[in-house]
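2 protein chains.
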Amino acid sequence: MSLISVGTMAFDAIETPFGKTDRIIGGSATYVAYAASNFVKPVQQVSIVGNDFPQEEMDELSSRGVELDGVEIVKDKKSFFWSGKYHLDMNTRDTLVTDLNVLADFDPVIPVSYQGAEFLMLGNLDPKVQLSVIKQMKQRPRLIVMDTMNFWMEIALPKLEEVLKEVDVLMVNDSEARQLSGQFSLVKAAKVIMGMGPKYLIIKKGEHGALLFHENNVFFAPALPLEDVFDPTGAGDTFAGGFIGHLARTKDISFENMKTAIIVGSAMASFCVEKFGPTRLKEITKADIDERIQQFVNLVNFDFSLTSE
Amino acid sequence: MSLISVGTMAFDAIETPFGKTDRIIGGSATYVAYAASNFVKPVQQVSIVGNDFPQEEMDELSSRGVELDGVEIVKDKKSFFWSGKYHLDMNTRDTLVTDLNVLADFDPVIPVSYQGAEFLMLGNLDPKVQLSVIKQMKQRPRLIVMDTMNFWMEIALPKLEEVLKEVDVLMVNDSEARQLSGQFSLVKAAKVIMGMGPKYLIIKKGEHGALLFHENNVFFAPALPLEDVFDPTGAGDTFAGGFIGHLARTKDISFENMKTAIIVGSAMASFCVEKFGPTRLKEITKADIDERIQQFVNLVNFDFSLTSE
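As they're listed, the protein sequences go chains F and S.
Residues 836 to 1144 in the working numbering are what the first sequence spells out, letter by letter.
Residues 836 to 1144 in the working numbering are what the second sequence spells out, letter by letter.
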């Protein structure tokens, strides 16, 4: 039950109210891989890196069942680099530097060995790249999940709309959902966006949790209330990795199971924010994950029988 | 199993992006009574109004099992009046007018017939008034719930701290919890505030739901995602009325039952915001409430068994 994950593998420099790191591994596909590989193997990675991406990181990913045949290494260029600074509320951040480097040339070729994958996670990338990946799949995956961002809505909306017609699940944050739909109400926004193609829509609200929409149904998963959110970088991608990882493991793409997948994604994201970059994701065990999911159960479970007279 | 509700009965003028009303019934105790009377009778009201408060409103409340012996009518003054305007996101509002009128003299006397009440809801009022009510109770109620606001933290903190030592449950919004505790993290804020007296703390986050803290436990209830929030006025008080109404009906003040009570409160608040003022609360039936609570169950329930291998 393989899963293809397409996205960036990169370096980040991050400043939060709690500290600063000048250079740490990042990238959407990195976070997806660290999260999803807890649930499904192989995770078939599609990305591009420069000559500066550490071999130890590649080895670490390999040891977790992440296949790297689809990761292009460009010998004379550097990896994608992003630098940002978070505000006190951790919900907003300023981008300080974006050095595309190798990402400017990213035109992924899906390895023959990846063909037949049943799950496809398209990280936030140029919609032209996302579409190219979909077109390369000889057999359409059972489930295609995509992430995107406001930037593509602004500069590549027609192409983005084309991709939206091809995917099953779209993941965006609340402000992106509003921008894409032109609706302020998230319930109305969801209807508009599902009319654009995706049968399922996940709206991420950061510390305020996530909503899953499908037809007239809606499900809500809270974020775990934490003493400190140390670094939110990668939380959305980690959420995505947990979500699609759970679906791939259970081979069940029903709405009911997507609810559970969102809880799994939220649990994984709650680890991600505890330390800089993917540091915490490398430490956690299956037992840690199970315990964290139980915390989510305790967080939202209540005795419904008491509400009836 | 009677419940005393202390608070304002007033007029509001409200402007939202959806419309405007120049004069509608409002006040914290009004909303608490309309919500709680669905679950428990009598609701023993303690408030103060002027010569302008409509008899039909009093009759309507009476017909719902709200006792008005504790509502003082001041013949030569007007009722409390508040006017506010909501911004597009409905999470923020500007107060345009606050005419205290009768509220300036509010020094409630608990009627003898109210003595022995097991539940006490202290609406947002001068902490000096809240403390006076507690002191007047010959037998301490089983559960005292209080609301307050940033205004009292700024001008009457020592008195507020005195009241906090006497109550079981404090309800505040997220910014008030941060202000009262001096902590940005709500988890840390909760620890500080519970150290000030209340064994239970409810932090209301508006459209982002509510958190219940007790010792090391936390429970989260979402707000129902609505197509439109028409008017948020009174939603917090309606939440409080549903919360304490459910507890009074079930006579169970355990943490487990408080979780359910928070869902009931959230369901009642979700009705409140659908129309101006308490309009919607006057229309709904037991069947409507049951159906709405079921929507909350659907909103958060997921199959935990799927998360284990």
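Everything labelled a hint here was simulated from the structure, so no lab data went into it.
Hints are supplied without guarantee of correctness; some may be wrong.
Identical copies carry no separate label here, and so any pair may be met within one copy or between two of them.
Computed cross-link-like contacts, DMTMM-like style, restricted to lysine to aspartate or glutamate with a CA-CA straight-line distance of at most 20 Å [to be verified]:
no.: 1; residue 1: K970; residue 2: E1042
no.: 2; residue 1: K1040; residue 2: D1063
no.: 3; residue 1: K1110; residue 2: E997
no.: 4; residue 1: K1034; residue 2: D924
no.: 5; residue 1: K973; residue 2: E891
no.: 6; residue 1: K1110; residue 2: D961
no.: 7; residue 1: K1034; residue 2: D1003
no.: 8; residue 1: K1040; residue 2: D1009
no.: 9; residue 1: K920; residue 2: D1087
no.: 10; residue 1: K1086; residue 2: D1138
no.: 11; residue 1: K1040; residue 2: E953
no.: 12; residue 1: K912; residue 2: D1063
no.: 13; residue 1: K1026; residue 2: D857
no.: 14; residue 1: K1117; residue 2: D1138
no.: 15; residue 1: K1034; residue 2: E1062
no.: 16; residue 1: K1040; residue 2: D924
no.: 17; residue 1: K876; residue 2: E997
no.: 18; residue 1: K970; residue 2: E850
no.: 19; residue 1: K1040; residue 2: D1138
no.: 20; residue 1: K973; residue 2: E1126
no.: 21; residue 1: K1026; residue 2: D1063
no.: 22; residue 1: K1000; residue 2: E1062
no.: 23; residue 1: K876; residue 2: D857
Cross-check of the supplied hints:
Taking the closest pair of Cα atoms, K970 and E1042 never come within 20 Å of each other, the shortest separation being 35 Å inside a single copy and 40 Å across copies. When the C-alpha separation of K1040 and D1063 is checked against a cutoff of 20 Å, the pair qualifies both within a copy, at 17 Å, and between copies, at 18 Å. When the C-alpha separation of K1110 and E997 is checked against a cutoff of 20 Å, the pair qualifies neither within a copy, at 37 Å, nor between copies, at 39 Å. Taking CA atoms no more than 20 Å apart as the test, K1034 paired with D924 passes in neither setting, with 33 Å inside one copy and 27 Å between copies.
Within a single copy, K973 and E891 get their C-alpha atoms no closer than 33 Å, and across copies no closer than 72 Å, so neither meets the 20 Å cut-off. Within a single copy, K1110 and D961 get their C-alpha atoms no closer than 29 Å, and across copies no closer than 43 Å, so neither meets the 20 Å cut-off. Only within a single protomer do K1034 and D1003 lie at most 20 Å apart by alpha-carbon distance; the minimum there is 5 Å, versus 46 Å between protomers. In the homo-oligomer, the alpha carbons of K1040 and D1009 lie at most 20 Å apart both inside one protomer (6 Å) and across protomers (16 Å), since each shortest distance falls under that limit.
For the identical chains of this complex, K920 and D1087 are neighbours neither inside a copy (39 Å) nor across copies (47 Å), given an alpha-carbon limit of 20 Å. Only between protomers do K1086 and D1138 lie at most 20 Å apart by alpha-carbon distance; the minimum there is 15 Å, versus 30 Å within a single protomer. In this assembly of identical chains, K1040 and E953 lie within 20 Å of each other by CA distance neither inside one copy nor across copies; the values are 28 Å within and 40 Å between. For the identical chains of this complex, K912 and D1063 are neighbours neither inside a copy (37 Å) nor across copies (50 Å), given an alpha-carbon limit of 20 Å.
Taking the shortest Cα distances, K1026 and D857 never come within 20 Å of each other, neither inside one copy (41 Å) nor across copies (34 Å). In this assembly of identical chains, the alpha carbons of K1117 and D1138 never lie at most 20 Å apart, being 36 Å within a copy and 27 Å across copies at closest. Proximity of K1034 and E1062 under a CA criterion of 20 Å is satisfied inter-copy only: 19 Å between copies versus 36 Å inside one chain copy. When the C-alpha separation of K1040 and D924 is checked against a cutoff of 20 Å, the pair qualifies both within a copy, at 13 Å, and between copies, at 15 Å.
For the identical chains of this complex, K876 and E997 are neighbours neither inside a copy (30 Å) nor across copies (58 Å), given an alpha-carbon limit of 20 Å. With identical chains, the CA atoms of K970 and E850 are never at most 20 Å apart, being 38 Å at best within one copy and 51 Å at best between copies. Taking the shortest alpha-carbon separations for K1040 and D1138, neither the intra-copy value of 26 Å nor the inter-copy value of 22 Å comes in at or below 20 Å. For a Cα distance limit of 20 Å, the shortest separation of K973 from E1126 qualifies neither inside one copy, at 40 Å, nor across copies, at 46 Å.
With identical chains, the CA atoms of K1026 and D1063 are at most 20 Å apart between copies only, with a shortest distance of 13 Å across copies and 34 Å within one. With identical chains, the CA atoms of K1000 and E1062 are never at most 20 Å apart, being 40 Å at best within one copy and 24 Å at best between copies. Taking identical chains as interchangeable, the C-alpha atoms of K876 and D857 are never at most 20 Å apart, the minima being 32 Å within one chain and 63 Å between chains.
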